[in-house]
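Chains as they are written, first to last, in my numbering: chain A, 160 to 624; chain B, 3 to 319.
Misleading hints may appear alongside valid ones.
[To be verified] Stretch by stretch, here's where chain B covers chain A in the computed footprint (C-beta under 8 angstroms, at least three residues):
(1) 161-173
(2) 309-320
(3) 428-435
[What the hints assert, rightly or not] Straight-line alpha carbon distances no greater than 30 angstroms define the calculated DSBU-like cross-link-like pairs of lysine-lysine that follow:
(4) Lys209(B) to Lys178(A)
(5) Lys209(B) to Lys162(A)
(6) Lys610(A) to Lys137(B)
(7) Lys172(A) to Lys73(B)
(8) Lys172(A) to Lys90(B)
(9) Lys599(A) to Lys90(B)
(10) Lys178(A) to Lys90(B)
(11) Lys178(A) to Lys137(B)
(12) Lys209(B) to Lys25(B)
(13) Lys90(B) to Lys610(A)
(14) Lys162(A) to Lys73(B)
(15) Lys162(A) to Lys131(B)
(16) Lys90(B) to Lys162(A)
(17) Lys619(A) to Lys209(B)
(18) Lys25(B) to Lys599(A)
For the record, the hints were derived by calculation from the structure and aren't laboratory data. Cβ coordinates follow ideal geometry from the N, Cα and C atoms, glycine included.
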Amino acid sequence: MSKVAAVAWREFKQTVMRKIFLLAVLGIPVLVIAIGAVAGLMMTSHQEPPIVGTVAIVDPTGELSVAAQIEFDQEKIRSDEERQQRDLVESATEAIGTGSIPSSPMSTPGAMPKAARGEVIITIERVEGDADASLMTLKQRVRDDDLLAVAVIAPEVLDTPPDRGSRQRFQLFVSEDLDSDHVSLIEQRLGASVVRVRAQRTGQDPEEVLAMLKRPRADTKRMLEDGQEMDASAGTRKLAQIIIPMAFMMLIWIGTLTSGQHLLMTTIEEKSNRVMEVLLSAVSPLQLMTGKILGHGGVGLLIVLIYSSAGIFALIMMERFTQFINTMDLVYLGVFYFMAYFMIASIMAAVGSAVSDIREANTLMTPVMLLLMIPWMLWMPITQAPNGTVATVCSFIPPMIPFAMILRHVAEEPMPMWQYPVSIIWGYICVLGMIWMAAKVFRIGVLMYGKPPSPLELLKWLRYS
Amino acid sequence: MADSSITLRGVNKSFGSTHAVRKLDLDVPRGSLCGFLGPNGAGKTTTIRMIMSIIYPDSGSIEVLGGNALKSKDRIGYLPEERGLYRKMRVGEFLQYLTKLKGVRRRDLSTYIQQWLERIDLPDVYRKKCEELSKGMQQKVQFLAAILHEPELLILDEPFSGLDPVNTRLLNQLIRELQGQGTTIIFSTHVLHQAELICDRIFLINKGAKILDATLQEIRQRFDPRTIVAEPVDGEVLSDRIAGVQAVRRLPHSAAFELELERSADPQVIMQHVLSQRPMRSVELRRLSLDEVFIQVVQDDVGSGAAKLAREELSHV
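Isolated chain A, as found in the complex:
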């Protein structure tokens, strides 16, 4: 046992003490956060260019021009944008606090969480009379940069109540150089002007109408059998249904894949450096393989601990830890991490022992990598239907078992209790089988050099005593 421990400790130490490992494990999350912060900073600090000009509106009645004068007022544009920014910040704060995700920041006109706008001075020019007669001249003025845009709004668009059968569109001709954000601003303000005219025609206060259009959010509670109430509002559901299962599966996936690849690389290194025979003079192939698997299992566990601790810390800081995670989740995370790791590690150890260098390994690794991509392909189907046929079947097929089970365990919809022990026991029986097969391949492969074995030869190795 002490030999296995010595091998395991060397493998663990040699991997985690490398600068590249520390850089990868600690550096990548820091890098992602830094890139996000810089991008956010750049977006908020960026100021769009000012816009000064005239928008012509073909408006036979004159109502629309008056409404547009209000909507395009410089002060109103500024105050509206400030209010939208405030709403957005509140919405984001609430989303983080409750685990919610802002449902649609684009649902109100001009609600763009983006750069501050420069000075906007737009004057409205009303064009009376027949649109067809003056349109050619107006378009030419747009081409000559005399106008920013020309809007042609058909009278039926202003009808009250609006005709539900019509397309409810108006025409807008803009200059070639006009910034797309400014085009959006003009579109949104003209749309709001139309709503304002409709409200006036029905004798209502346009501001009240616009305020009434704002939808309230539901504060949903799920009634649990034990008498408790669980927050189940839309944002919370998204976090519980999508983000948390993905986070758990990703933890297992990153931990197993990273440590599995280290295991593969060190095995190939020992073969190509010809140190394998020296090691085998001191330990048996099974002891060596066990030590290597345990050592790299520790590496993977360290990665899982670092990342999960960061996640738990974030949830605790938001006072939402107990809302989304319970102790059993962490216990199952451990159970399924080890199951996934031993399955992947046995494959990696077998591949590493069977080849002589990394180029040969690539050939055998292609099907293995495809196998490892399956959890990602099945993530959405399992998340959306945790008790569906796909999810249930995957819970009993190695190496899918741990990935499917962790997704189902943290899903909102509870799975039948009997599936936990059956899947876990069956999963660990499969682990033993896979390790047994890997040990057979490892024992023969570690001393084999030259042409890598074909799948048929690998099967033959399994039959050797």
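Once you've looked at the hints, dock chain B against the given chain A.
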């Protein structure tokens, strides 16, 4: 056998359709320095790997140091033919790791290793990475890895390949010291004259089968060519009319002559007679080299075809 370090009985090993080792019986006396010899592909490394329980025989039994080979690993030192080091690991760390794998638990391990490094003229390499060492230095480090745990049985597969004469002498001296301390040593090589210089017992193996198993003394008696080589000072032809001499031949590209003796002739008498005839630069009783013994044994064993193969093999040495 109670006084044997290694006992093999009827050991067979095949890889697919290739019979690497066939019905091999072997007894390595405790404390001996045995040469395990044969051409490339003879089955030496396979046999050694079975003794080390790195691989297992298809049939037959192997007893190492009085017990199961697997359980005796910590009492065996092994320098494989394929040299291997962790390139990025420091020398001291590498030696500590292998020594610990051999079950050594001593508090002063780093001091002990440093002392040994000084002993093999590598006092400054403890903190160096293995990849920074020359090939010869790496080989000495590997030799050290095989002996640091003070094994009862030491198996050296081609230990001198790639070493300069100074380091060859150093290793040779260490091997003799270890034997003097009672360590049983198996020295595997296809360079037969190296074994001839240090071994007291020889096992010859060819095509997976043992063809010779005897002490060096026994081999010399058994393969006595009964030939005297004499080189006259004047370079003149030696007479073949000497009692007890069957034939006299001039050696190619030499001024020396080879005198083939009759079976009943006493070599000492004939040598004295030759010396009394004319002034001689040298007169000696010829001994067969192990190379020649090997060819002769192969000829006897499997006929001229195999002997031709063996000759070709040895011509590349």
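A quick look at each hint next to the structure:
Here the segment 161-173 of chain A counts 6 residues with a CB under 8 angstroms from a CB of chain B, which clears the bar of 3, and the coverage holds. Only when three residues or more bring their CB closer than 8 angstroms to a CB of chain B does the claim for the segment 309-320 of chain A stand; here the count is 0, and the claim is violated. Note: the segment 428-435 of chain A has 6 residues with beta-carbon separation from chain B under 8 angstroms; the three-residue rule is met and the coverage holds. Distance hint between Lys209(B) and Lys178(A) is unfulfilled; the C-alpha atoms sit about 50 angstroms from each other, more than 30 angstroms.
Distance check on the hinted pair: Lys209(B) and Lys162(A) sit about 36 angstroms apart at the alpha-carbon level, beyond 30 angstroms; violated. Under the criterion of a C-alpha separation no larger than 30 angstroms, the hint pairing Lys610(A) with Lys137(B) is consistent with the structure, at around 27 angstroms. Proposed proximity of Lys172(A) and Lys73(B) is supported: the alpha carbons are some 28 angstroms apart, at most 30 angstroms. For the hint pairing Lys172(A) with Lys90(B), the CA-to-CA distance comes to about 13 angstroms; that is within 30 angstroms, so the pair holds.
Restraint check for Lys599(A) and Lys90(B): the C-alpha separation of about 29 angstroms stays at or below 30 angstroms, so the hint holds. Straight-line distance between C-alpha atoms of Lys178(A) and Lys90(B) comes to about 13 angstroms, which keeps the hinted pair within the 30 angstroms bound. Only pairs whose Cα atoms come within 30 angstroms are accepted, and Lys178(A) paired with Lys137(B) is accepted, the gap being roughly 28 angstroms. For the hint pairing Lys209(B) with Lys25(B), the CA-to-CA distance comes to about 11 angstroms; that is within 30 angstroms, so the pair holds.
Restraint check: the Cα-Cα separation between Lys90(B) and Lys610(A) comes to about 27 angstroms, which is no more than 30 angstroms; the hinted pair holds. This hinted pair checks out: Lys162(A) and Lys73(B) have alpha carbons roughly 13 angstroms apart, not beyond 30 angstroms. Proposed proximity of Lys162(A) and Lys131(B) is supported: the alpha carbons are some 23 angstroms apart, at most 30 angstroms. A hinted pair counts as satisfied when its Cα atoms are at most 30 angstroms apart, and Lys90(B) with Lys162(A) qualifies at roughly 21 angstroms.
The suggested pairing of Lys619(A) with Lys209(B) holds, with an alpha-carbon distance near 25 angstroms, which does not exceed 30 angstroms. Distance check on the hinted pair: Lys25(B) and Lys599(A) sit about 26 angstroms apart at the alpha-carbon level, within 30 angstroms; holds.
Checked against the numbered hints above, the structure breaks hints 2, 4 and 5 and satisfies the rest.
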